[in-house]
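Novice: So the chains spell out like this:
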Amino acid sequence: MAADNYTGSAVCKTCHADVWFNFYKNPHYKSIASGDQPPDRTGCEGCHGPGKAHVEARGGKTTIPRAFSLMGPKEVLDTCLNCHARDFSKGNIRRSQHSLADVVCTNCHSIHKSPAAKFLLAKKQAELCYGCHADVRAQFSMPFKHRVSEGFMACTDCHNPHGSFAPTWGMADGQSMVERAEGDQEPCLKCHADKRGPFAYEHPPVRVEGCGVCHMPHGSTNAKLLVRPVVFTLCLRCHNGADGFGTRNNGIPKLTNTHNMLDPRYQRCTLCHVRIHGSNSDGYFFR
Amino acid sequence: MGFTPITPKTLLTGCLLLAHAALAQQPVTPTPDQAGSPRGENTADYNVTDSFETGYRFAIVNGSVGTYRSDVNYGDGIRLLSGNLSVNSRDGHGRWFDQIVLTTIGLGNDPYQSVTLRVEKNKLYRYDLLWRLDDYFNPGLPVAGGLHLMDTSRHMQDHNLTLLPQSKIQFHMGYSRNTQDGPALSTVQLCLNGSLYCGTAGNEFPVFENVRTQQNEFRLGADVDLAGFKLTLLHTWSFFKDDSGYQENGVESGDNPSTGVTLNQFQRSAPYRGASPYWLGNLNRSGKTLAVNGRITYLDGKGNFLLNENAFGGTPLGAQNQQVQVGGDASRPQLTGDLSISVFPTSSLTLVNNTSVDSTRIDGTSDYAQFNLAAETADFVSFRYLGLRTVANAMDLHYRAKRWLSLYGGYHYSERRIEDIEDYAIHGPFSGAMYQQSNTQQTGLLGARIKPLKAMTINLESEAGHANHPFTPVSDRNYIALGGRFEYRVKKLTLGAAYKENYNNNSVTLSSYSSHARNYSANAVWTPRDWFTLDASYSKLHLDSLSGVVFFAGVDAPSPLAGNQIYISNIHAANLVARFVVSKRVDLYAGYTITMDTGDGSGSAAPILAPVQTFPLNYQSPLARVSIRLREKLRWNAGWQYYNYHEQFGLESFYQGYHANTGYTSVTWAF
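From first to last, the protein sequence lines are chains A and B. Under the numbering used here, the first residue of the first sequence is numbered 1, with each subsequent residue one higher. Under the numbering used here, the first residue of the second sequence is numbered 1001, with each subsequent residue one higher.
The reader is advised that the hints may include incorrect statements.
[What the hints assert, rightly or not] Cut-off 20 Å, straight-line C-alpha distance, at most; resulting in silico cross-link-like pairs (SDA-like, lysine to any residue):
1) Lys113/A <-> Lys1491/B
2) Lys224/A <-> Asp282/A
3) Lys195/A <-> Pro1271/B
4) Lys195/A <-> Gly1182/B
5) Lys1121/B <-> Gly1174/B
6) Lys25/A <-> Thr14/A
7) Lys118/A <-> Leu1130/B
[Stated by the list, open to error] Some chain A residues near chain B, calculated using beta-carbon distances under 7 Å:
8) Tyr24
9) Ala85
10) Lys254
[Said to hold, decoys possible] Far from chain A, some chain B residues (derived; all Cβ distances over 12 Å):
11) Ser1176
12) Val1343
13) Thr1377
14) Ala1433
Keep in mind that the hints were calculated from the coordinates and are not lab data. The beta-carbon is built from N, C-alpha and C at its ideal position, and this holds for glycine as well.
Start from the sequences and build out the full structure, keeping to the hints where you can.
Specialist: Structure, rendered in structure tokens:
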């Protein structure tokens, strides 16, 4: 596009004073303040394209080269990625579940009228995500939950809405865009550092399948976000000796005959197996 | 079919109305209404907006206070319920900074407190702080037999500093600290009956634990933008230590007093020191028709530990004194690599291929020595190796067929190999055999986005996969996931509905595991007038699963039993919120949330499991709030929120329901 088709943001503000009025608070204003960016990467025209035709036509959306309200999802994505594609956090944006479903930048970000303190989000983060993920909103309203609705945590503590690298647990299937803690481990370990290890005796499913094999991370009606209300029913799901499973292919060890499951003592598995996430001292997680 | 995309004005107006209402916010505090002008005030070359809410909150709890503290945990006292401050340079050329953004929640004594701070000077630096405090209370709910109580505080802080944030070479520095402290009540199983191994006569004792863990992490990195490539380098030094101590003084008869074993004195020290240095390199190039992102990381996790445990107790054989000493180390080196190639052959077609490799090795030795000063000793070394290697490739395609129709599809393949060695020796050479297995998973995806009307969007998604050798009986083997989403959005009304269904069938020779989850949700936001907003949502989360179980049961000689375990969770969750603005001065807000599990897990092939298959409960929380603008920079707020948790199952005849009235009154003020 010829350089003389750019008019500069000063011309835009003549008519769009409402947008310009607070634009100095916008992160994109940095491109104007720096004064060293080429016309196609600064101010209004950095995103909307050269404005000469729009000015000469005295307005009109169709005369704006990139009028976001007229653009399809992929065009919106491409436009934003002109500058943001190489951000490390967006390295997987093309393959993210959001992009595949045509949920693109302007679905979550409000460039000119963001009420959020950071990242130009169209709403407060949890509200934004709840807008589509109502089932997750319900989980965060359950009796046991991570404190997202309370504002203590954010969805992005565990997820990268721009897409994440393949997880190192499970079968590297990353549909839910779960972010990883540094060290390529589950994001749970960002906070629950005591579960990180390494331990001499890892509970194998923790490393192989991930925390989700026993816990529901958003919220649950069960204590400790467990997938079952009673801990021994949780353990028995796997510890049934069924052939072909476990580290030795011959079944995950079933309980020995000393475990009388009629006795409440033995129904409280973690009463003895206290270090169930991993232990350095005992292969049965006793200490 | 015609297509007119939703206009940004409509979208933004709707978003702003909803954002202002903050409707789905569950707790009654902090008050979302801000004091002062949202545009702020100009001071010299800066614009300042600020709003702080200070007040008193109270909580009156009846029933199981422990469960309340586990679920809600708000208490009494004066708080800085929220704080918001932003200072922006009006020309982007501030002397020391161009932007300060500060937000706080719950400072004072709330159980969940956080502070975020950003200070930024264009071109020169950007500093971000996130500080959080979480008061955790675990009352020892029946899952742990009421013994594992924890009353700890977790403090977390993250500092990140970027130098030259707008230049082609940027430098990053960071520091994170995570500590957990507080008292806890744990348990220990000991063999004080003169035998090395505990049989049915074993006993478990409560012991006090002084939780003290700490993680410190330091980061140093750089971004280099050169010749169309962006190189990201990061090195992290992470250190973790656990100095939790355990002790018990006094005569404890334990969980099995029939053994006649008592624990009179117990002390355990188990210091652990871990380090996890981490390296990351990422190279990105993005062009008009091709984008490539490659990444490689290496983590070298190591841990050294020592345990010294002394127990003194009484047994039918007389007084016993047992000592256990364990020392050793563990390591977990992990290497990962990713290569993602995106191709855009036409403006409507995107192809992305991603290959990921992960190799994790976990091994370590544990030198275990047990001394029973009255009878026996044991001394041996254990060794454990667990190796995981996963290679995955994913091919995804996105095609925009029409302006109103987009399609996507994908094929994902992953192969995981697991190796395992477990062995122990009485201080001799190891000879354990290695066990190997591999699992191959193949998944196909198909989805579509349809936009038949300007305001309507329909998303359809499906996934089907098969794994030939899953690791556990509950892992995915033959699974199908189906989903759909509908949204209708106009200026004053948003309607949404979603459906998700997941099947997994993991059949094996001994037993079978199957699960079937169905989630339905619907939500509506209606803003007929500027002064009135109504938000309602409903979700039904249904899960039924069938697991084959094998266990022993019997008083004197437990005999093996096999059967099925059925678990049905049938959760209905609803949320209703209304907001009124009266005379532009008074904000009224009322809401109601309910989560109800109707259970219905009756019937089982294993009768012993029947009482633990259905868990009907009810959790309700109505709330109301009023916020009145007294002056331009001063608001008065008051609110009430009621919590009612009611279990209908009563595990081990222990009902842990509660009801609580919580409330607050506060003023929101601006400078």
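Novice: Does Lys224/A pair with Asp282/A here, judged by a C-alpha cut-off of 20 Å?
Specialist: Roughly 23 Å between the alpha carbons, so the hint for Lys224/A and Asp282/A is violated.
Novice: Double-check Tyr24/A for me: the hint is only fine if its C-beta lies closer than 7 Å to a C-beta in chain B.
Specialist: The hint holds - Tyr24/A has a Cβ within 7 Å of chain B, the shortest such distance being about 5 Å.
Novice: Far enough from chain A: is every CB of that chain over 12 Å from the CB of Ala1433/B?
Specialist: The claim breaks: Ala1433/B does not keep its Cβ more than 12 Å from every Cβ of chain A (closest is about 9 Å).
Novice: If we take the beta carbon of Val1343/B, is the closest beta carbon in chain A still more than 12 Å away?
Specialist: Val1343/B is in fact no farther than 12 Å from some Cβ atom of chain A, at 9 Å.
Novice: If you draw a straight line from the CA of Lys1121/B to the CA of Gly1174/B, is it 20 Å or shorter?
Specialist: With a Cα-Cα distance of about 17 Å, the restraint between Lys1121/B and Gly1174/B holds, given a limit of 20 Å.
Novice: Given the proposed pairing of Lys195/A with Gly1182/B, does the C-alpha separation stay at or below 20 Å?
Specialist: The hint holds at about 17 Å.
Novice: Assess, step by step, whether the Cα of Lys25/A is no farther than 20 Å from the Cα of Thr14/A, and give holds or violated.
Specialist: 19 Å, holds
Novice: Minimum C-beta separation from Thr1377/B to chain A exceeding 12 Å: can you confirm that?
Specialist: About 17 Å separates Thr1377/B from the closest Cβ of chain A, which puts it past 12 Å; holds.
Novice: Is the straight-line distance between the alpha-carbon of Lys118/A and that of Leu1130/B 20 Å or less?
Specialist: 13 Å, holds
Novice: Mind checking the CB of Lys254/A against every CB in chain B and telling me if the closest is under 7 Å?
Specialist: 5 Å, holds
Novice: Check the hint pairing Lys195/A with Pro1271/B against an upper bound of 20 Å on the C-alpha distance.
Specialist: 15 Å, holds
Novice: Has the given pair, Lys113/A with Lys1491/B, been kept, meaning a C-alpha gap of at most 20 Å?
Specialist: Holds, because 16 Å separates the two Cα atoms, which is no more than 20 Å.
Violated hints, in rising order: 2, 11, 12 and 14; the structure is consistent with all others.
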